[in-house]
Amino acid sequence: MDWQGQKLAEKLMQIFLVAFAIVAFVVGYALGSFQAMLLIYAGGVLLTALVTVPNWPAFNRHQLIWLDPSEVDRHPRPQAAASQSLKKKTTKQK
Amino acid sequence: MHSFGQRANAIATFSLTILAVICSLASFTDNFSAPSPKAEVKVSNFNWLQKQRNGNDEASLTLNISADLQSLFTWNTKQVFVFLAAEYETPKNALNQISLWDKIISSKDLAKFSIRISNKYRFIDQGSNLRGRDYNLTLHWHVMPKTGKMFADKMSMTGFRLPEEYR
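Which chain is which? The protein sequence lines are A and B, in order. Residue numbering for the first sequence follows my numbering, beginning at 1109 and increasing consecutively. Residue numbering for the second sequence follows my numbering, beginning at 12 and increasing consecutively.
What the hints contain is simulated information worked out from the structure, not anything from laboratory work. Fair warning: this is a prediction, and the values are worked out from it, not measured in the lab. Any given hint could turn out to be false.
[Said to hold, decoys possible] Pair ranges (Cβ atoms, derived): (1) Asn56(B) to Ser1141(A): 40 to 46 Å; (2) Arg64(B) to Gly1140(A): 52 to 58 Å; (3) Ser1178(A) to Gly16(B): 33 to 39 Å; (4) Ser1141(A) to Phe162(B): 17 to 23 Å; (5) Phe15(B) to Gly1140(A): 38 to 44 Å.
[As the list claims (entries may be wrong)] Covered stretches of chain B, going by a simulated chain A footprint (3 or more residues, C-beta under 8 Å): (6) 14 to 20; (7) 28 to 40.
[Stated by the list, open to error] Derived contacts from chain A toward chain B, CB cut-off under 7 Å, selection only: (8) Gln1114; (9) Ala1117; (10) Glu1118; (11) Leu1125; (12) Gly1140; (13) Phe1142; (14) Val1153; (15) Ala1157; (16) Val1161.
Idealized CB from N, CA, C, for every residue including glycine.
Could you put the whole structure together from the sequences, leaning on the hints where they help?
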């Protein structure tokens, strides 16, 4: 799961659970049945788990594009000495 | 949220938190119900009053109990425990309570009833205080909700008197 997918999964989980809780409570109260409330909510939790827990392809649409390892050879890390000389140059300019 | 286990854990904790919230709300809705239970108890026959060999008085009665406790039931009520107690005052104790009969009412349909029964539990005083004693019959009920706090109430029927002599 990529970064965007993780964010989406968490948001979906929260919205689904709260929505199912509201529906379950309202229906349970209207029918006067505590059992109906619990069953609807349990169903909601199962559905939410099915949607957000497995690593579905929809959560993998924003893969990070890493640089090719060959880039390391083409752009070597700057040497410590070189950076010092750079600093000196900048101070002189002042 | 980066792994299967993490997401499973997140959904388990959040869903249980919400479950606690909706159960509290369900319990809260009980505040809006205003129960109006009705009950009537009569002593249809006084069977006997005796002195036991150890000196304690024991009485036996036949009771007519009719009650309509349906209004105690809400969608959050699991069951109602109801019991009938004989209550009287003696020189030694300001309040004596003896449970004579009880019942567990498990559904609203069974909450309206009328029965004639001799006392289920023995009416025995700890001493010999029953002769000529005024007593009242009190119907107590304890409402047990599915979630939330239990509550209890009672209804007293006064004006009963035990006979002056053993018989």
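Requested in this report: Could you work out which earlier hints the structure fails to respect and list their numbers in ascending sequence?
Outcome: none
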